[in-house]
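> Chains as they are written, first to last, in the working numbering: chain A, 1354 to 1445; chain B, 24 to 498.
Fair warning: there could be bad hints in the mix.
Listed next, the in silico EDC-like pairs over lysine to aspartate or glutamate satisfying Cα-Cα at most 16 Å (straight line) [claimed, not checked]:
no., chain 1, residue 1, chain 2, residue 2
1, B, LYS282, B, ASP263
2, A, LYS1442, A, ASP1424
3, A, LYS1358, A, ASP1369
4, B, LYS468, B, ASP163
5, B, LYS397, A, GLU1395
6, A, LYS1358, A, GLU1387
7, A, LYS1358, B, GLU365
8, B, LYS397, A, GLU1371
9, B, LYS58, B, ASP259
10, A, LYS1439, B, ASP342
11, B, LYS270, B, GLU494
12, B, LYS397, A, ASP1424
13, B, LYS431, B, ASP182
14, A, LYS1442, B, GLU305
15, B, LYS282, B, GLU298
16, B, LYS110, B, ASP354
17, B, LYS431, B, GLU366
18, B, LYS277, B, GLU295
19, A, LYS1439, B, ASP354
20, B, LYS427, B, GLU366
21, B, LYS397, B, GLU320
22, B, LYS427, B, ASP182
23, B, LYS277, B, GLU310
24, B, LYS277, B, GLU365
25, B, LYS115, A, ASP1393
26, B, LYS427, B, GLU298
27, B, LYS115, B, GLU320
28, A, LYS1442, B, ASP355
29, B, LYS115, B, GLU411
30, B, LYS277, B, ASP259
31, A, LYS1442, B, GLU351
32, A, LYS1439, B, ASP182
33, B, LYS110, B, GLU365
34, A, LYS1439, B, GLU366
35, A, LYS1442, A, GLU1425
36, B, LYS397, A, GLU1398
37, B, LYS115, B, GLU351
38, A, LYS1439, A, ASP1424
39, B, LYS59, B, ASP163
No lab work stands behind these hints: they were computed from the structure.
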Amino acid sequence: MDVRKVAHLARIHLSDEEAETFQGQFEQILHYVEQLNQIDVEGIEPTAHAAAVFDVIRDDVALSEHQLSQDEALRNAPATAHDQIKMPKVVE
Amino acid sequence: MNPSEYTISSLRAAFSAGETTPEEALRSLATSIDKKDGDIGGYLSYDLDLALADAENVDLSLPLGGVPVAIKDLINVEGHPCACASKMLDGKFRSPYDATVIRKLRAAGAIPFGRTNMDEFAMGSSNENSGIQPCRNPHDLDRIPGGSSGGSAAVVAADTAVAALGTDTGGSIRQPASHCGVVGLKPTYGRVSRYGLVAFASSLDQCGPMTKTVEDAALLLEVLAGSCSRDSTCLDAPVDSYREALKKDVAGLKIGLPKEYFAEGLDRQVREKVETAIRDLESRGAEIVEISLPNTEHAVATYYIIATAEASANLARFDGVRYGHRSESADDLLSVYQDSREEGFGAEVKRRILLGTYVLSSGYYDAYYLRAQKVRTLIREDFTRAFEQVDVIASPVSPTPAFKVGEKSEDPLAMYLADIYTISANLAGICGISVPCGTTAVDGKDLPVGLQLLGRPLGESGILQVAHSVEQAQS
């Protein structure tokens, strides 16, 4: 496993020291989980959820409770401007 | 009696008798926390003023009228901080709404009071991964309280809470309950709403009670359980009167002992306590049957693929954009993501996100994730077959008593392997409870040992009934 490549996919910057520590730990963990390769899973259906899960559909109307005002929705944002979340410039 | 020493049941009785009031109980809890929690670190914060305001108009006739309940730091309570014990959110987030479990607690008259410590984003088995402060076992401050709901277990054990909510993805309610000597119940997947819980692994997470007695766990579960229109995985099945189940004895019940759970690696003293509790159940008329869960040895590997895969997706939301930590040095979009996540997440959270990203990545999905999901089916089928033979399964919760702080923190795999007895229940979606079954003396300290009882889906009444019998044998 190429830790740097995976870290880029996960959008986490790693220090050299952290990348090195993780590399060793991942090799150990992946070696351990490779025991699953010995199991015959031919014809076995995968389980995504232990209980049968069905789509639950309700009318497409806003619930009267739990509506956040713009102010409430922005309250936890790291940076705001003009009632919006502020981000560094994306387009050149 | 100091109101913080009450159970839910005895506190309700004291309210009815006029011996104390919700306001007095809250103030007394706050005093106990200030006095005792400095050494333990079970609480990240509490807000007495908010709780006292909640107590003002509380209806004492309700099932939990006036009862303070400590809340694990990943459950949203409107107006309270919610940090998941992570620098990503600490001091940067106040919940804009109540989780369904909090709405249900409030509707039953309970008062959310105090945010309990945990492993960051519920990832860990020792509470050593808290990004905010360490948490210690009240029975021996050199030892871990367990995790991830370590704070919730510790504060109930230390009498700095009457009861608490925890969450359990791979044992995170049951294992700390066992190490701290309290009762902890992980409900059947879907029995309790997950709406408003910060998700770790969505197909495994469940919220449940951590209490001083089995009766309290039953009462709290009656309030928490039930359908929720905001969680499509929440089951629309009727909720039992769990307290009624406690009146039944165990005579005639078939209790299975999985031979794989009593094999190599189990501490001798833990085994002794667990076997004594099982013999006592037998003397009360339960029939003990040896069973087999043959895929047990694959559970840890399966779990750490599925849980990390789900975590990598769930934690993508912490990107420094809408809430939580944003790196001050970030000057473009990519560095907002990468630097905020580097600075905000601790080592274990990064490890799991990276592992999860890897097992889901192109070229590895089938080999790891899809294969693990198939083995999950085999693990689930083990339990289906077992519950055709027996009513309840009994086992240890953890292979050893609480270990020392630092003992396993440098070796993630050793830490994962200690979850061997608890994680299968999450993979199979069944319910489980840890109930104290004695203590074992280690280094001159008496360390609690828990007995795990596993039940079939929606079989909470059965495990509570057996747990109650175990509890009675202890007193």
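> So, for every hint listed, does it hold in this structure?
Here is what the structure says about each hint:
A hinted pair counts as satisfied when its Cα atoms are at most 16 Å apart, and LYS282 of chain B with ASP263 of chain B does not qualify at roughly 31 Å. Our distance criterion of 16 Å between C-alpha atoms is broken by LYS1442 of chain A and ASP1424 of chain A, whose separation comes to about 23 Å. Between LYS1358 of chain A and ASP1369 of chain A, the direct Cα distance comes to roughly 13 Å. Compliance with the 16 Å bound is thereby established for this hinted pair. Distance restraint check for LYS468 of chain B and ASP163 of chain B: the Cα-Cα separation of roughly 7 Å lies within the 16 Å cut-off, and the hinted pair is therefore satisfied.
Between LYS397 of chain B and GLU1395 of chain A the CA atoms are separated by roughly 9 Å; this keeps the pair inside 16 Å, and the hint holds. Our distance criterion of 16 Å between C-alpha atoms is broken by LYS1358 of chain A and GLU1387 of chain A, whose separation comes to about 21 Å. Annotation: proposed proximity of LYS1358 of chain A to GLU365 of chain B holds, straight-line Cα distance about 15 Å (limit 16 Å). For the given pair, LYS397 of chain B sits about 33 Å from GLU1371 of chain A by alpha-carbon distance, which is inconsistent with the 16 Å threshold.
Restraint check for LYS58 of chain B and ASP259 of chain B: not satisfied, since their Cα atoms lie roughly 43 Å apart, outside the 16 Å limit. With a CA separation close to 13 Å, the supplied pair LYS1439 of chain A and ASP342 of chain B stays within the 16 Å bound. A hinted pair counts as satisfied when its Cα atoms are at most 16 Å apart, and LYS270 of chain B with GLU494 of chain B qualifies at roughly 13 Å. Between LYS397 of chain B and ASP1424 of chain A the alpha-carbon distance is near 46 Å, which puts this suggested pair outside the 16 Å criterion.
Distance hint between LYS431 of chain B and ASP182 of chain B is unfulfilled; the C-alpha atoms sit about 28 Å from each other, more than 16 Å. Under the criterion of a C-alpha separation no larger than 16 Å, the hint pairing LYS1442 of chain A with GLU305 of chain B is inconsistent with the structure, at around 70 Å. Proximity of LYS282 of chain B to GLU298 of chain B is assessed by CA-CA distance (about 12 Å); at most 16 Å being required, the pair is judged to hold. As the CA atoms of LYS110 of chain B and ASP354 of chain B are separated by approximately 20 Å, the hinted pair breaks the 16 Å bound.
With a CA separation close to 24 Å, the supplied pair LYS431 of chain B and GLU366 of chain B exceeds the 16 Å bound. Only pairs whose Cα atoms come within 16 Å are accepted, and LYS277 of chain B paired with GLU295 of chain B is rejected, the gap being roughly 21 Å. Only pairs whose Cα atoms come within 16 Å are accepted, and LYS1439 of chain A paired with ASP354 of chain B is accepted, the gap being roughly 12 Å. Pair hint LYS427 of chain B plus GLU366 of chain B does not hold up; C-alpha atoms about 28 Å apart against a cutoff of 16 Å.
Proximity of LYS397 of chain B to GLU320 of chain B is assessed by CA-CA distance (about 15 Å); at most 16 Å being required, the pair is judged to hold. Taking the CA atoms of LYS427 of chain B and ASP182 of chain B, the gap is near 22 Å; set against the 16 Å cutoff, the hint is violated. For the hint pairing LYS277 of chain B with GLU310 of chain B, the CA-to-CA distance comes to about 5 Å; that is within 16 Å, so the pair holds. For the proposed pair LYS277 of chain B and GLU365 of chain B, the alpha carbon gap of about 51 Å is over 16 Å, so the pair is violated.
Only pairs whose Cα atoms come within 16 Å are accepted, and LYS115 of chain B paired with ASP1393 of chain A is rejected, the gap being roughly 48 Å. Of the supplied pair hints, the one linking LYS427 of chain B and GLU298 of chain B is violated, its CA atoms being roughly 25 Å apart against a limit of 16 Å. For the hint linking LYS115 of chain B to GLU320 of chain B, the alpha-carbon distance of about 41 Å lies beyond 16 Å, and the restraint is violated. A C-alpha spacing of about 7 Å is found between LYS1442 of chain A and ASP355 of chain B, which places the hinted pair at or below 16 Å, so the restraint holds.
Taken as a hint, the LYS115 of chain B and GLU411 of chain B pair is broken in the structure, with Cα atoms around 50 Å apart against an allowance of 16 Å. For the suggested pair LYS277 of chain B and ASP259 of chain B, the alpha carbons sit about 28 Å apart, so the restraint of at most 16 Å is broken. Restraint check: the Cα-Cα separation between LYS1442 of chain A and GLU351 of chain B comes to about 15 Å, which is no more than 16 Å; the hinted pair holds. Distance restraint check for LYS1439 of chain A and ASP182 of chain B: the Cα-Cα separation of roughly 45 Å exceeds the 16 Å cut-off, and the hinted pair is therefore not satisfied.
With a C-alpha separation of about 11 Å, the suggested pair LYS110 of chain B and GLU365 of chain B falls inside the 16 Å cut-off, and the hint holds. Proximity of LYS1439 of chain A to GLU366 of chain B is assessed by CA-CA distance (about 20 Å); at most 16 Å being required, the pair is judged violated. Pair hint LYS1442 of chain A plus GLU1425 of chain A does not hold up; C-alpha atoms about 25 Å apart against a cutoff of 16 Å. Of the pairs offered as hints, the one joining LYS397 of chain B and GLU1398 of chain A holds, with about 6 Å between alpha carbons and a cut-off of 16 Å not exceeded.
Of the pairs offered as hints, the one joining LYS115 of chain B and GLU351 of chain B holds, with about 14 Å between alpha carbons and a cut-off of 16 Å not exceeded. Restraint check for LYS1439 of chain A and ASP1424 of chain A: the C-alpha separation of about 14 Å stays at or below 16 Å, so the hint holds. Proposed proximity of LYS59 of chain B and ASP163 of chain B is supported: the alpha carbons are some 14 Å apart, at most 16 Å.
In this structure, the earlier hints numbered 1, 2, 6, 8, 9, 12, 13, 14, 16, 17, 18, 20, 22, 24, 25, 26, 27, 29, 30, 32, 34 and 35 are contradicted, and the remaining ones agree with it.
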